[in-house]
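Q: Just so you know, the protein sequences line up as chains A and B, in that order. Here the first sequence is numbered in the working numbering, starting from 1 and rising by one per residue. Here the second sequence is numbered in the working numbering, starting from 1 and rising by one per residue.
Incorrect hints may have been included.
[Said to hold, decoys possible] Subject to a maximum C-alpha distance of 25 angstroms in a straight line, what follows is the list of computed BS3-like cross-link-like pairs (lysine-lysine):
| id | chain 1 | residue 1 | chain 2 | residue 2 |
| --- | --- | --- | --- | --- |
| 1 | A | Lys61 | B | Lys184 |
| 2 | A | Lys38 | B | Lys285 |
| 3 | A | Lys23 | B | Lys297 |
| 4 | A | Lys41 | B | Lys783 |
| 5 | B | Lys241 | A | Lys74 |
| 6 | A | Lys7 | B | Lys285 |
| 7 | A | Lys41 | A | Lys7 |
| 8 | A | Lys20 | B | Lys39 |
| 9 | A | Lys59 | B | Lys180 |
| 10 | A | Lys20 | A | Lys61 |
| 11 | B | Lys297 | A | Lys20 |
| 12 | A | Lys61 | B | Lys180 |
| 13 | B | Lys19 | B | Lys783 |
| 14 | A | Lys74 | B | Lys39 |
| 15 | A | Lys23 | B | Lys39 |
Don't read these hints as lab results, they were simulated from the structure. Treat the numbers as computed from the prediction; the structure is a model and nothing was measured.
What follows is the residue order along each chain.
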Amino acid sequence: MNHIDCKYYLATDVFKGICKRTKDNINADEPACSDFEKATKCKHCIHFSTKDEFLGLCKDKATAYPDMQAVTCKDFSWN
Amino acid sequence: MDSRKTLSEHAIYNYYGAKPEGEIQSREIKKSPSARVDKARQLYFETKSSASVEFPYWYTRRWEELEGEIPIVRRAEALKTGFEHISPAIFPGELLVMGKTHHLRGSYPMPWLSEAFFMAQEDEMYKDALEAGKVSADKVTTMGQGGGNVTQSVGNVISLAGKFGLRKEEMPILLHIANKWFNKSVDDVGHKYEQLVPGYKEKEEIMRAVICMFDSGYTLPQGREVMNYYYPLQYGIEGIKNICKEKLKQVAGYPDMDRLYFYKAVYIMLEGLQSWINNHAEETKLMASLEEDENNKSEYLEIAERLGWLANNPPRTFHDALQLVWIFHIAVLNEDAISGLSPGRLGQVLYPFWKRDMDKGLLTSERSLELLECMRMKFTELDCFASMGVVGGVLSGNTFNNLCIGGLTKDGESSANELEMLILESAMTCDTPQPTLSLLYDEKLPEEFLLKGVECTKIGTGYPAWVNNRVAIEFLLNNFNHEGLDLEEARAWSIGGCLETSAGSWMPLELEGVIHYIPGGSAPATSVGVHFISLPKVLEAVLFNGLDKRTGRRVYSSHGYKLDSYDEVWNAFKEYFSLTVEVLTLTNNIQHDVWGKISPSIINSMLKPDCLEKGKDISNKGSRYNRTFNVEICGGVNLVNSLASIKKNVFEEKNFSMATLKTVILENFGYISASETGSFSLTEQMKTTNYKTWLKIHKQCLDAPKYGNDNKYVDNIFKEWQDWFSKMCENYTSLYDEPLYSCQISVSTHGPMGAVTLATADGRLSGTTFADGSVSAYPGTDKNGPYALFSSATCYNHASSQNSQLNLKIHPSVIQGREGAFKFLEMIKSYLRRGGFHVQFNIVDSRMLKDAQINPDKHRGLMVRVAGFTQYWVELGKQIQDEVISRTEYAEF
Numbered sequence: 001m002n003h004i005d006c007k008y009y010l011a012t013d014v015f016k017g018i019c020k021r022t023k024d025n026i027n028a029d030e031p032a033c034s035d036f037e038k039a040t041k042c043k044h045c046i047h048f049s050t051k052d053e054f055l056g057l058c059k060d061k062a063t064a065y066p067d068m069q070a071v072t073c074k075d076f077s078w079n
Numbered sequence: 001m002d003s004r005k006t007l008s009e010h011a012i013y014n015y016y017g018a019k020p021e022g023e024i025q026s027r028e029i030k031k032s033p034s035a036r037v038d039k040a041r042q043l044y045f046e047t048k049s050s051a052s053v054e055f056p057y058w059y060t061r062r063w064e065e066l067e068g069e070i071p072i073v074r075r076a077e078a079l080k081t082g083f084e085h086i087s088p089a090i091f092p093g094e095l096l097v098m099g100k101t102h103h104l105r106g107s108y109p110m111p112w113l114s115e116a117f118f119m120a121q122e123d124e125m126y127k128d129a130l131e132a133g134k135v136s137a138d139k140v141t142t143m144g145q146g147g148g149n150v151t152q153s154v155g156n157v158i159s160l161a162g163k164f165g166l167r168k169e170e171m172p173i174l175l176h177i178a179n180k181w182f183n184k185s186v187d188d189v190g191h192k193y194e195q196l197v198p199g200y201k202e203k204e205e206i207m208r209a210v211i212c213m214f215d216s217g218y219t220l221p222q223g224r225e226v227m228n229y230y231y232p233l234q235y236g237i238e239g240i241k242n243i244c245k246e247k248l249k250q251v252a253g254y255p256d257m258d259r260l261y262f263y264k265a266v267y268i269m270l271e272g273l274q275s276w277i278n279n280h281a282e283e284t285k286l287m288a289s290l291e292e293d294e295n296n297k298s299e300y301l302e303i304a305e306r307l308g309w310l311a312n313n314p315p316r317t318f319h320d321a322l323q324l325v326w327i328f329h330i331a332v333l334n335e336d337a338i339s340g341l342s343p344g345r346l347g348q349v350l351y352p353f354w355k356r357d358m359d360k361g362l363l364t365s366e367r368s369l370e371l372l373e374c375m376r377m378k379f380t381e382l383d384c385f386a387s388m389g390v391v392g393g394v395l396s397g398n399t400f401n402n403l404c405i406g407g408l409t410k411d412g413e414s415s416a417n418e419l420e421m422l423i424l425e426s427a428m429t430c431d432t433p434q435p436t437l438s439l440l441y442d443e444k445l446p447e448e449f450l451l452k453g454v455e456c457t458k459i460g461t462g463y464p465a466w467v468n469n470r471v472a473i474e475f476l477l478n479n480f481n482h483e484g485l486d487l488e489e490a491r492a493w494s495i496g497g498c499l500e501t502s503a504g505s506w507m508p509l510e511l512e513g514v515i516h517y518i519p520g521g522s523a524p525a526t527s528v529g530v531h532f533i534s535l536p537k538v539l540e541a542v543l544f545n546g547l548d549k550r551t552g553r554r555v556y557s558s559h560g561y562k563l564d565s566y567d568e569v570w571n572a573f574k575e576y577f578s579l580t581v582e583v584l585t586l587t588n589n590i591q592h593d594v595w596g597k598i599s600p601s602i603i604n605s606m607l608k609p610d611c612l613e614k615g616k617d618i619s620n621k622g623s624r625y626n627r628t629f630n631v632e633i634c635g636g637v638n639l640v641n642s643l644a645s646i647k648k649n650v651f652e653e654k655n656f657s658m659a660t661l662k663t664v665i666l667e668n669f670g671y672i673s674a675s676e677t678g679s680f681s682l683t684e685q686m687k688t689t690n691y692k693t694w695l696k697i698h699k700q701c702l703d704a705p706k707y708g709n710d711n712k713y714v715d716n717i718f719k720e721w722q723d724w725f726s727k728m729c730e731n732y733t734s735l736y737d738e739p740l741y742s743c744q745i746s747v748s749t750h751g752p753m754g755a756v757t758l759a760t761a762d763g764r765l766s767g768t769t770f771a772d773g774s775v776s777a778y779p780g781t782d783k784n785g786p787y788a789l790f791s792s793a794t795c796y797n798h799a800s801s802q803n804s805q806l807n808l809k810i811h812p813s814v815i816q817g818r819e820g821a822f823k824f825l826e827m828i829k830s831y832l833r834r835g836g837f838h839v840q841f842n843i844v845d846s847r848m849l850k851d852a853q854i855n856p857d858k859h860r861g862l863m864v865r866v867a868g869f870t871q872y873w874v875e876l877g878k879q880i881q882d883e884v885i886s887r888t889e890y891a892e893f
C-alpha cells in the first residue's frame, strides 16, 4: 500500500503530504512504511460494493467511489 | 521574414528619467515573519493547487435524495451534507485552522453552477485517467514556471483548467456527478432562457468575438463584495440558530411564506457548519495524541478547545474572533464560486476584541503580529475553482480578498487604529499576495499611519493601494441614497474585490456592556451584470462595419455610416457599445435570476444586513442596498488613444485615409503577430520584410496625442467618453430593478482581450496586451512624468464611476530613505487631492522582472501588482508578465 492509503497521511496537495506521526514529507504514491494503518475509505466499508476500478455503490443505492475519504461518514463500518 | 528586428532594440522596457544602470536594484527593506509562519510559507511555496470531489459528491447525493423539497431548503440540506463530509485537516504549526477542503490550497468544482467546461473535456480527461502511471512529485516540482499551478496532467494527477490537480481516482466520479447536473445547472438552465432575449444571436457573436469576456451568472455569481462578520461575532452560531427559531415561530403560516423557508434553510446550514467545525476539533485532538512535543501538544489541545467553543458560542478573545471570522469567510467561499470576497475593514471589526485583550494583558503585540501573519497565510492559501478563461484570463489565479484600513468612523473621525498598524506590519513581515490591502485615504488620517502605509508600499508588495475615501462616499451617496444610505452610513464603505466600491453599514457590537459600531458589507455581489467589454474591439468592429476580421464572423449588423467624419466614428461606436450593454444586461439578468432560484446564497445572505431581519435572501433583495450591477470595461485608454489618432490623422491632418488605416490594421503595421512571436508587449515585436511600406503611417499613429501627458486634445476625448459612459449605464436596469453604473477595472482581461484584437489606430500591434486599469497610460506613452499623468487622469469626475484604476511603476532608488518616503507620500496625496480615486505601485527595477521571466526558479517569492491585486510573478500568464515589464518605469519624479 502507498502513503495515500494510510490513516496517518495528511495530504498537503494531490501529490504529497506529511506523515502525522513522524511529520516527514512524503509522496502520495510511494510505498508506505511498516507502521501503515488503513485509512478510513469507502473501499474498506461494509456498505460499499465495487462496480469497476473507479466506481461502486454505497448501500446498493448511491454511486460512490472506492478512494473517497469516509472519516466523517457516520455510517462507515469496517469490512 | 529575414529582418526580424524589435521595435525598440535597445530598451527591454519603457522608462521615464535616467535609465537605471549597473546592478539590478533590489527592495529597500526586507522583513521576515515568525519562524512558525516562515515554515508555513515555505510549505505553501511547495504546495500545488488541488481540487477534490468530496464536497460536490455529497452535495449532489443529498440534492438527489430531496427531489420535491422547497428549493432553498433542498440547497441548504445539500450544502449542510457537503460541509459535514469535508475531511478535516490540521497542518502542523497552524494557529488559525481550517480550509476550504482538506488540501492546503484546496478547492472543488461546483457542477450545480456549471458542469460544461469539464464535461467538454470529458473524453480527454477519461483518457488521462486511464493512462495515468506512477506519480512522481519530483516531476511536478521541476516544472518551475507556474508556481503552484498544475499546468499539465502528471502521473496520478489530472490537470483541470490548467491550474488545479485532481487525483485520477476522483475523475470518474466527478464526471458521473457532472452528468447529473446536465440541463439542470445554473449555466444550462440560464442558457435555455437567455435565448428568449431579442438580440440573443448578437450576444453569442459578441462572446465569440471576445468583445465580452464572460457571463457572470454561473461563473462567479457572488463576490466583489464585503463580508459582514457581525452576527457570528455578536451571537455565535447557536445564538443565530436561536434567532432563526424565534423568527420561524413568528412567520410560520403568515403571508410572504418565503421567509419561513429562508429561516429554515439558515438553521439547517448552521447545523452543517457546526459539524464541520466539530470534525476539525476532533482531528486536532487526534493530532495532539500523536504529538510528543509538550508545547505542540498543548497548542493542539488549545485549538481543539477553541473550535469546540466556537461551534456554538460567540468569541471570548481576539484569537477566538479571528478564528471565527476565518471560519465564516471560508464557509461563504464554499457555498459558491466566488472571487473578491473581501474581509473589509477587519482591523476595525476586531479592534474591540484586540483592545480588550491588550488592556487585560492577555495578548502582546508580538503575539498579535504572529496571529496576523497566520491570517495572511490562510488568505493566501485560498483558491477559486473556475474554468481556465476565468481563473487564468481574468483572475490570474488570484482571489482578491481586499482588507481595508483607514477611512472614517461613524461620526466622521479617523478610523485608523493600532491594530491596523500591526496589520500593515504583518503585510511587510509576511509579504504574501493575500489579503491585499487598501488604505482608505482621508485628510483626517494621522501622518504616522500614512507613513506606515508608505513604508509598506515601498517594499514592493504592491499594497496598500491608495484609495480616496471622499470620492467613494460621493459615489455611494449618488447611487444608494434612494435606498436610505446617508452620509453616516456611507462612511462604513469598503472595497469589495480588487477595487469595487461597496456600501456598508455600522453594526452595534456589544462587548462587556459597551457598544462598538463596527463596519461591514451590506450589499450583495457587485461586478455582476456586464462583465468586461473590450472597447478597442468594439472600435475595431466599427471600422470593419460589424465584422470580426480575426474570425471572419459578423458580430453586429452594418452600422450604415460611411465613417467620413470623426463624429460618425464616435456615433457608430456609441451605437455598437450600447447594443452590447443592452443585450448583455438582459441575458445576465436571466442568468442571475436562475442562480437565485437554483443556487441561492444562504450563508452570505444570513450575514448581510438585513436578510436575517427581513427573512429574505440576497436574490430576493434581502440586502440593505441592492444597486450593485455594473458595466465593466477594458482597454479604455487604447480606445481613447485610437480615437485621437483617427481624429488627427484621418480627419484633421488627412495624413492617410480611413481605407488606408483599415489596411494597415489588417497588415499589423508590417509586424509579425504577437501570437507568433510569443511576446505580448509593444516593445519586443518583430518586423516583417515589408514593414517599411507602413513605417510612416505607424509613426504617425504612434506620434498622435496620447493620454497621460496632460494633453487637452486627447484628454478631452477621454472626458467625453467617461461622461457619456457613466450616464449611459443608467439606461439599463438590473435584475433588482436598479439602474446599472460604470465600473472601470481591467483585472487581467487586458491580456486575453488584447490577444484577440487587431492592431489599433494608436499604433498598438495586433495581439498585444492593452493598457492596464482604467487611467493608467499605455506603456511607454506617458512621457511627461507622473504629475502630467495625474492631470490627464483627473480630467473627469471619478465619483461618477464605481472606481478608477491607476498603476504606476517606480524604480526603488527614487523613494529611498525617509526623505524618499515623504516625497512619495506627497506625490500620492497630490493625486488624491485632485480627485483621483485610486493609485497603486510596483516599486521594482524592471530588469528584475525580466530576469524573473528568464529564471523563474530564482524568484518564487517575487510579487507584482497587476491591476487590483498582487500576485506571485511565477503564477502570472506571459501576456500579463510582458505588460507589467513594459509599463513605464519612473526613475525620477
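Q: Straight-line Cα separation of Lys61 (chain A) and Lys180 (chain B) no greater than 25 angstroms?
A: Given pair Lys61 (chain A), Lys180 (chain B) holds - Cα atoms ~15 angstroms apart, limit 25 angstroms.
Q: Hint check: Lys41 (chain A) vs Lys783 (chain B), CA-CA at most 25 angstroms. Holds or violated?
A: 64 angstroms, violated
Q: Run the distance test for Lys23 (chain A) versus Lys39 (chain B): straight-line Cα separation, threshold 25 angstroms.
A: The hint holds at about 13 angstroms.
Q: Between Lys19 (chain B) and Lys783 (chain B), does the CA-CA distance stay at or below 25 angstroms?
A: 13 angstroms, holds
Q: Compare the distance between the alpha carbons of Lys61 (chain A) and Lys184 (chain B) with 25 angstroms, and conclude whether the hinted pair is satisfied.
A: At roughly 22 angstroms apart (the allowed maximum being 25 angstroms), Lys184 (chain B) and Lys61 (chain A) satisfy the hint.
Q: Taking 25 angstroms as the top limit, are the C-alpha atoms of Lys38 (chain A) and Lys285 (chain B) close enough?
A: 19 angstroms, holds
Q: Do the alpha carbons of Lys7 (chain A) and Lys285 (chain B) lie within 25 angstroms of each other, as the hint requires?
A: With Cα atoms ~15 angstroms apart, Lys7 (chain A) and Lys285 (chain B) stay inside 25 angstroms; holds.
Q: Between the alpha carbons of Lys20 (chain A) and Lys39 (chain B), is the straight-line distance 25 angstroms or under?
A: 17 angstroms, holds
Q: Regarding the pair Lys59 (chain A) and Lys180 (chain B), is the alpha-carbon distance no greater than 25 angstroms?
A: 20 angstroms, holds
Q: Holds or violated: Lys41 (chain A) with Lys7 (chain A), Cα cutoff 25 angstroms?
A: Within the cut-off at roughly 9 angstroms; holds.
Q: Can the restraint linking Lys74 (chain A) and Lys39 (chain B) be considered satisfied, given a maximum Cα separation of 25 angstroms?
A: Status violated; Cα separation ~35 angstroms.
Q: What's the verdict on Lys20 (chain A) and Lys61 (chain A), does the C-alpha distance respect the 25 angstroms limit or exceed it?
A: The given pair, whose Cα atoms are some 34 angstroms apart, is violated under the 25 angstroms limit.
Checked against the numbered hints listed earlier, the structure breaks hints 4, 10 and 14; every other hint is satisfied.
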